[in-house]
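Undergrad: Chain by chain, the residues run as shown.
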Amino acid sequence: MKARQNGRGSNDAPHGCANDSLSGRLLAKLMPLNPRASGTEGGMTVVSARSSEWVRPVTQQDPASAIIEIDRVSQVFQTSARKDHVALSDISLTIEEGAFVSILGPSGCGKSTLLYIVGGFVSPTSGAARMKGQAITGPGPDRGPVFQEFALFPWKTVLGNVMYGPRQQGVRAAEAEAQSRALIEMVGLKGYENFYPKELSGGMKQRVALARTLAYHPEVLLMDEPFGALDAHTRTRLQNDLLNIWERDRKTVLFVTHSVDEAVFLSDKVVMMSKSPGRIRQVIDIDLPRPRRRNELLLDPRYQKYVVDIERMFDESDQAGAPA
Amino acid sequence: MSAAGMTKRAAPVLACIGLLVVWQVASLALKNDSFPTAIGAMRAIPDILGDKESLINILASLRRMAMGFGAAVLVSIPLGLLMGRSAAVAAFFNPLLMVIYPVPKAALMPIIMLWLGVGDITKTLVIFLGVSLPVIYHSFEGAKAVEEKMLWSGAAMGLSPVQRLVRIVLPAALPEILTGCRTGLVLALITMITSEMIARQSGAGNILFNALDMGQYETVFAMIIIVGAMGICLDAIFERVRARLVRWSEPQFDMPLSFS
Chain A
1 MKARQNGRGS NDAPHGCAND SLSGRLLAKL MPLNPRASGT EGGMTVVSAR SSEWVRPVTQ
61 QDPASAIIEI DRVSQVFQTS ARKDHVALSD ISLTIEEGAF VSILGPSGCG KSTLLYIVGG
121 FVSPTSGAAR MKGQAITGPG PDRGPVFQEF ALFPWKTVLG NVMYGPRQQG VRAAEAEAQS
181 RALIEMVGLK GYENFYPKEL SGGMKQRVAL ARTLAYHPEV LLMDEPFGAL DAHTRTRLQN
241 DLLNIWERDR KTVLFVTHSV DEAVFLSDKV VMMSKSPGRI RQVIDIDLPR PRRRNELLLD
301 PRYQKYVVDI ERMFDESDQA GAPA
Chain B
1001 MSAAGMTKRA APVLACIGLL VVWQVASLAL KNDSFPTAIG AMRAIPDILG DKESLINILA
1061 SLRRMAMGFG AAVLVSIPLG LLMGRSAAVA AFFNPLLMVI YPVPKAALMP IIMLWLGVGD
1121 ITKTLVIFLG VSLPVIYHSF EGAKAVEEKM LWSGAAMGLS PVQRLVRIVL PAALPEILTG
1181 CRTGLVLALI TMITSEMIAR QSGAGNILFN ALDMGQYETV FAMIIIVGAM GICLDAIFER
1241 VRARLVRWSE PQFDMPLSFS
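Top line first, the protein sequences correspond to chains A and B. Quick note on our numbering: the first sequence kicks off at 1 and runs consecutively. Quick note on our numbering: the second sequence kicks off at 1001 and runs consecutively.
None of these hints come from the bench; they were simulated from the model. Watch out, some of these pointers could steer you wrong.
[Unchecked claim] Heads up, simulated BS3-like pairs for lysine-lysine below, C-alpha to C-alpha not over 25 Å straight-line: (1) A:198 - A:156; (2) A:156 - A:190; (3) A:275 - A:83; (4) A:275 - A:305; (5) B:1052 - A:156; (6) A:198 - B:1149; (7) A:251 - A:132; (8) A:190 - A:251; (9) B:1149 - A:275; (10) A:198 - B:1052; (11) A:251 - B:1149; (12) A:156 - B:1031.
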């Protein structure tokens, strides 16, 4: 239990075990109860208070600021040969407006499934997800996905892809084009407007995908391991650019990743998930100043501590849950 | 142009000349009445194309072929796409198509003739059947291969299921669909001639088999050349259209495959 040396009270002691008696739902609920209990000014805690560095403080007690609520969601997949596979088990989570929340976990923990449920692409077996109090029944332009596979329309040029959403929403062609060109410039692809996706590198494709989604102004960005298919260098550059873009308008972002560095670097809050069945293990507030600059952050002991602590927690759960 | 490029351009012409030379030599060696020389057959071509009656026949054939092909494409593409995206539709039509697939469509002709006569409708229908299956099959495969995430992206933009089928599945599957159409075009030509062979009334096939009956072997072989040339031309035209429609899926720059 060394990972939790931060004095968050004795009630979270059993969390180190993968399949402990406290369900993921309880854990998620538990965290908000004492958000300030362990806050220290040094920021050396895993779960700490919101500091004054927050441009938009997010208080979990205020229901008005909650944009997405995931309520006791479970997802069971029927595998043809074997028994049912429980991908998600009793997940409850609240995401505040304007927050950058990462869902972090090993592959196969259902983190993408959770994102698809919020997107309305997949219906949960039980439980419900709500967006601004409204039950999510299907996809909608208020929630914009960005996939690891890019999923660009290959028959459209870069400009055509970015314009697609606004045109679908009934924006006039000239206006949509002007907005789209500005977005393409913002993601750093000026001059590539008339290229087809096939002619672009992976990093460029993901930039187009981001611009395409931003173009129809979703309130929430749903990013499904967006940089997972990219090489390390491109990945770093896109992380930086994403933060720069995000810091302009602070859209709510739900970001699925299996990279601890990435989650800590980008997020306000990291939701750690454990594997089979997928549960929330821990929700960790990342109390690091913004705007974040990579070169500063990598040297920051607070950043390093978050990364080390989270990695250690995953290691512990691997050991504890190995025979199961 | 480089030497390699010249060779590439000249290759098809050389192949044709080579075939004609072999034909000529074989014909001279065999000295068979029913196997005219290549030069003899070529000489008969202007006679056929100069004859008004023959031209009307050939145009009638082409018209039936265009109608059968067009109708087949219009029906088969939506059906194939629906099958590719809906397991229920696929489960319903797959066994039906599996039964029809191995049956030679021309074998159905005598029955269709009994019902609909020997006119245009029967022949067009046979062409329609011949073209449908490859187009359905390729549309089906193309639609099935469309990335789920692409459809999700469209759904998030607010596209309805029908809009997704028309505006995402159709363009995304277009390269595969057009491959099916190209096969269908060749099959249309084959079924066109076969149908005219069975229901002799007019058309290119009619000229061919009448000439055969009358022992005009040079005309027979001239017609074979004409039908073959029609096939090549139609395919070339189609390929032009296809390349233009799916430019996005082709490599933008023609990369030289050799390292010279």
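Undergrad: So, against the hints stated earlier in the document, which numbers end up violated here?
TA: 5, 10, 12
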